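There are 2 protein chains.
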Amino acid sequence: MSRRKLLGASVAAGGAALAAPAVAQEDKATIEWKMVTSWPKNLPGPGVTAQRIANQVEMMSGGLFRIRLFAAGELVPALGVFEAVSGNTAQMAHTASFFWQGKIPASVFFTAIPFGLLPHEHIAWIEQGGGQSLWDELYAPFGLKPVMAGNTGVQMGGWFRKEVNSLADLKGLKIRMPGLGGEVMRRLGATPVGLPPGELFQALQSGVLDATEFLGPWSDRAMGFHKVAKSYYTPGFHEPNGTGEAIFNRVALDGLPEELRIIVLEACRAENARSLAESNWENAGSLKLLREEDGVTIKNYPDDVLNALRENAAIVLGELAEKNSISMRIYESNTAARERLAPWSEIAMRRFMEARDGRG
Amino acid sequence: MSRRKLLGASVAAGGAALAAPAVAQEDKATIEWKMVTSWPKNLPGPGVTAQRIANQVEMMSGGLFRIRLFAAGELVPALGVFEAVSGNTAQMAHTASFFWQGKIPASVFFTAIPFGLLPHEHIAWIEQGGGQSLWDELYAPFGLKPVMAGNTGVQMGGWFRKEVNSLADLKGLKIRMPGLGGEVMRRLGATPVGLPPGELFQALQSGVLDATEFLGPWSDRAMGFHKVAKSYYTPGFHEPNGTGEAIFNRVALDGLPEELRIIVLEACRAENARSLAESNWENAGSLKLLREEDGVTIKNYPDDVLNALRENAAIVLGELAEKNSISMRIYESNTAARERLAPWSEIAMRRFMEARDGRG
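Taken in order, these protein sequences are the chains called A and B. At position 140 of the first sequence the residue is numbered 139 (numbering that gives the first Met the number 0), and the sequence of numbers has no breaks. At position 44 of the second sequence the residue is numbered 43 (numbering that gives the first Met the number 0), and the sequence of numbers has no breaks.
Heads up, some of the hints might be wrong.
One copy or two, either will do: identical chains are not told apart, so a pair holds if it fits within one copy or between any two.
Below, computed lysine to aspartate or glutamate pairings styled on EDC-like, alpha-carbon distance capped at 20 Å [claimed, not checked]: (1) 298 / 353; (2) 40 / 253; (3) 33 / 168; (4) 40 / 331; (5) 226 / 198; (6) 287 / 345.
If you are wondering where the hints come from, they were derived from the structure by calculation, not from laboratory data. Every value quoted in this text rests on a predicted model; they were computed, and no experiment measured them.
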């Protein structure tokens, strides 16, 4: 029995004279928000996360706080959500921070950077290492408050029609890899090609692309890349994390009753555990199918390629940091977090994995 | 402004005649629970998590759902919480499932098992791989519903006064390592010694213990072990995960209004992200201090020791599975989850860590 029903019951008990003001009270207390997203409705991973956040908020508030979700293009285009929330066309959005690199170069640090933080490290940086306050500062000029809201996990390094055995094999390679990863590839002689997800399969099949990355085994297998390329490379050096971004209109968020503000923020935080569990489970299952049923071979980028990628990633990130003072402060905070967290991940997790797998 | 205040405001607006029933209604809607815990008040890690869950629930419910927290010994002893919630002396507890091994052998699977699941894998097994329904079934005979509520992360392998260079060094070694890990050590010729946390430092200092494990760098450094032992071993083969357990009295949980039931469950789920971030951040910082300021050396268990530990862990777990049919089903579900998830962790995370660290 919800509090709204309890309220209704007490009204009945109190008699008809109470009904009018009580009902008015119920209406007054109901809050309706719009959430615009950068995803198709219920897209596995982020689309499902966005809908679950809206559902959890409505249930935790006893129906007093309703968030109506709009898929990409329904109210505004996929990449129009930042302006839509800034202008209060919608009160919140579910998207990813790296979409805003064009106007806010440092926004990419809040999704993933090449050779950066793994999911458990990224969440620690944001929650404990000063990442949240820098993210808040970065979006404040736009009247926005960002938080983590879900995670698709570690990405793979991409699908290649031909093996990559040395740096020479990257020369002139036509590869789809957006953002900083693509820029790093360009500096190694590859040719990054920008294509939307819907065109990737055919481009890889026809040879317009020699290689493409997308996400992880769960989404990649659904795209069918394994039907035209049998070499699936690791590691996903370019995006070791997949944090989903919830953006709130600052005035709308601050205007909520405290309990509803905490409810929507806690619903986003719970998704950081729930959706990462779902992504890891599904990626693991799809990886098994790719190897055992689809004839896909998992290959490591060669050492000389990884070393060159790492060296050039450091240069690209250094240039990004130089763009302005907040970019530099975010770069320095993120670097300090990596230097603090990576040795713990190596000693606690990597060495355990080796021992468990009999490599110890 | 909370809904309770809004209610009060509308009552005032409605006039004195409404005040009495409205106030009565307010009292009726308020729910008070007791949460007993196995921890000292605000113990870093689990104690803080338990208090945060209570605080978040009260805030998300606008003060309508209040959970009063009792530290270990305040209402019932640390290990009396299971019976206390089963008998509804308290409506919920915050504890750890491996405390119940004596009465429920398979309960250990819901904290950690030797060479078992890492935190991100354990959460995936519980949320996605059937772990939750088996955990529910295991506790149903006691009228209890368990959920994950926080995580202290991967543990370390322990502090040793003398180096462990081969299997021979374990013969007769007096080590504090509770549960299955201790049993595995016993089969390798070590002598597990059961001591409460408060006695560990002095026992290690005086030589009553040759070695002890406790938790991770955050808690271990606070215990001061580095002052009497300089060799800190990895991996924590015996406990690769540190899930905190919230136990609910089934009748009390089912009796909550739906919105409050979802609020308390979502508060527990959010802690799986929040407290793991805190543990990783603090463990990483304390590890740095132990190495750079305390003169501690991180050592790997030798290969022959790890191989013997892994082989004997498999035997000990097989024996546990044979105890009864639910133990076998949980063992098989957990094993299947490890076989599904471990290759993904190795390909996506371990190889990324190697590449990031220049080992790729």
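Evaluation of the provided hints:
Proximity of residue 298 to residue 353 under the C-alpha cut-off of 20 Å is found in both arrangements, the shortest distances being 18 Å within a copy and 14 Å between copies. For a Cα distance limit of 20 Å, the shortest separation of residue 40 from residue 253 qualifies neither inside one copy, at 28 Å, nor across copies, at 32 Å. Taking the closest pair of Cα atoms, residue 33 and residue 168 never come within 20 Å of each other, the shortest separation being 48 Å inside a single copy and 65 Å across copies. For the identical chains of this complex, residue 40 and residue 331 are neighbours neither inside a copy (37 Å) nor across copies (36 Å), given an alpha-carbon limit of 20 Å.
Taking identical chains as interchangeable, the C-alpha atoms of residue 226 and residue 198 lie at most 20 Å apart only when both belong to the same chain, with a minimum of 15 Å there against 61 Å between chains. For a Cα distance limit of 20 Å, the shortest separation of residue 287 from residue 345 across copies, 13 Å, qualifies, whereas the shortest one inside one copy, 25 Å, does not.
Hints 2, 3 and 4 from the list above are not met by this structure, while the remaining hints are.
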